Amino acid sequence: MKKWALLIVGMGALLSGCTSNGTKEETNKEKAASTAETVVSSTRSSEKTTASTQSVDASSSTKNSESTSVESSASTTSSETASAGSSTSTEVSQSATASSVVEQTLWNPNKSAQLAAFMSSWSQTMGQQYKSYTSQMNVDLYGLQIPQAILNGEWTMAIGESPVSAEWSENGTGQAGYQIVAVYSDAETEPYLKKHVYLFGFQQGQPKVLVTQQNQGNPNNYLYFKETENVELKNGYARIVNGEA
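According to my numbering, the sequence shown holds residues 1 to 245 in order.
Cβ-Cβ distance ranges computed for the label pairs, FRET-style:
#, residue 1, residue 2, range
1, Thr134, Glu229, 22 to 28 Å
2, Gly205, Glu232, 20 to 26 Å
3, Thr173, Ala113, 18 to 24 Å
4, Asn221, Asp140, 17 to 23 Å
5, Thr134, Gln203, 18 to 24 Å
6, Ser165, Ser112, 18 to 24 Å
7, Tyr192, Pro109, 33 to 39 Å
Here are the simulated DMTMM-like pairs of lysine to aspartate or glutamate, each with C-alpha atoms no more than 25 Å apart in a straight line:
#, residue 1, residue 2
8, Lys195, Glu154
9, Lys194, Glu154
10, Lys195, Glu229
11, Lys234, Asp186
Hints are computed from structural coordinates only; laboratory data are not their basis.
This structure is a prediction, so every number in the text was calculated from the model and none was measured.
We treat Cβ as the ideally placed atom computed from N, Cα and C, and that holds for glycine.
Using the sequences provided together with the hints, build the complete structure.
Quick look at the structure:
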């Protein structure tokens, strides 16, 4: 009986150990499964984080690219604006230079028009009628065609007693001793011995108004001129030449 009792007790202990081991194994399996799930969950979370980070990086890269594009566009616009400003500045500078050249020219069409207006007013002051003449349209002074007679050498122009070469000039410059830019005369309306011929021109770059009333020839074949004594006429011409009219 004791043997059987011991045998029964031993078998019970054995069964108890098996049950305990089975329980431990199940517990270990559950732990392993839980660990695996944790690893999988951690991996998925890491993948999501990585994907999110990549998305943020891609978005940031896109924004940086857009920013760079905007900066490039702004730079191009600034460059175009600067180029336009430079072009405008160049045009203004060229315009100012051209205007300066016109003002510095001794004679030009604008000054010629100013002289015509001045002579019209001055004529009324003098009670005379003056008409404009050119190298192609001469005034008849007692049968002498002026200015052609002195331009072609038929007669020699003299200032005072000194002979001077003369030429017609559109801008007041030239190689002769006197550059004629305008001729005015009252010869068509004034009576005999009261006719005047005025030459407007430059001698050595200086404005000078010359006048003649010569009515006959001379052995030297000179056409004598003298500088006008009319202060208003002299100063009026000088103001026009100097751009002060």
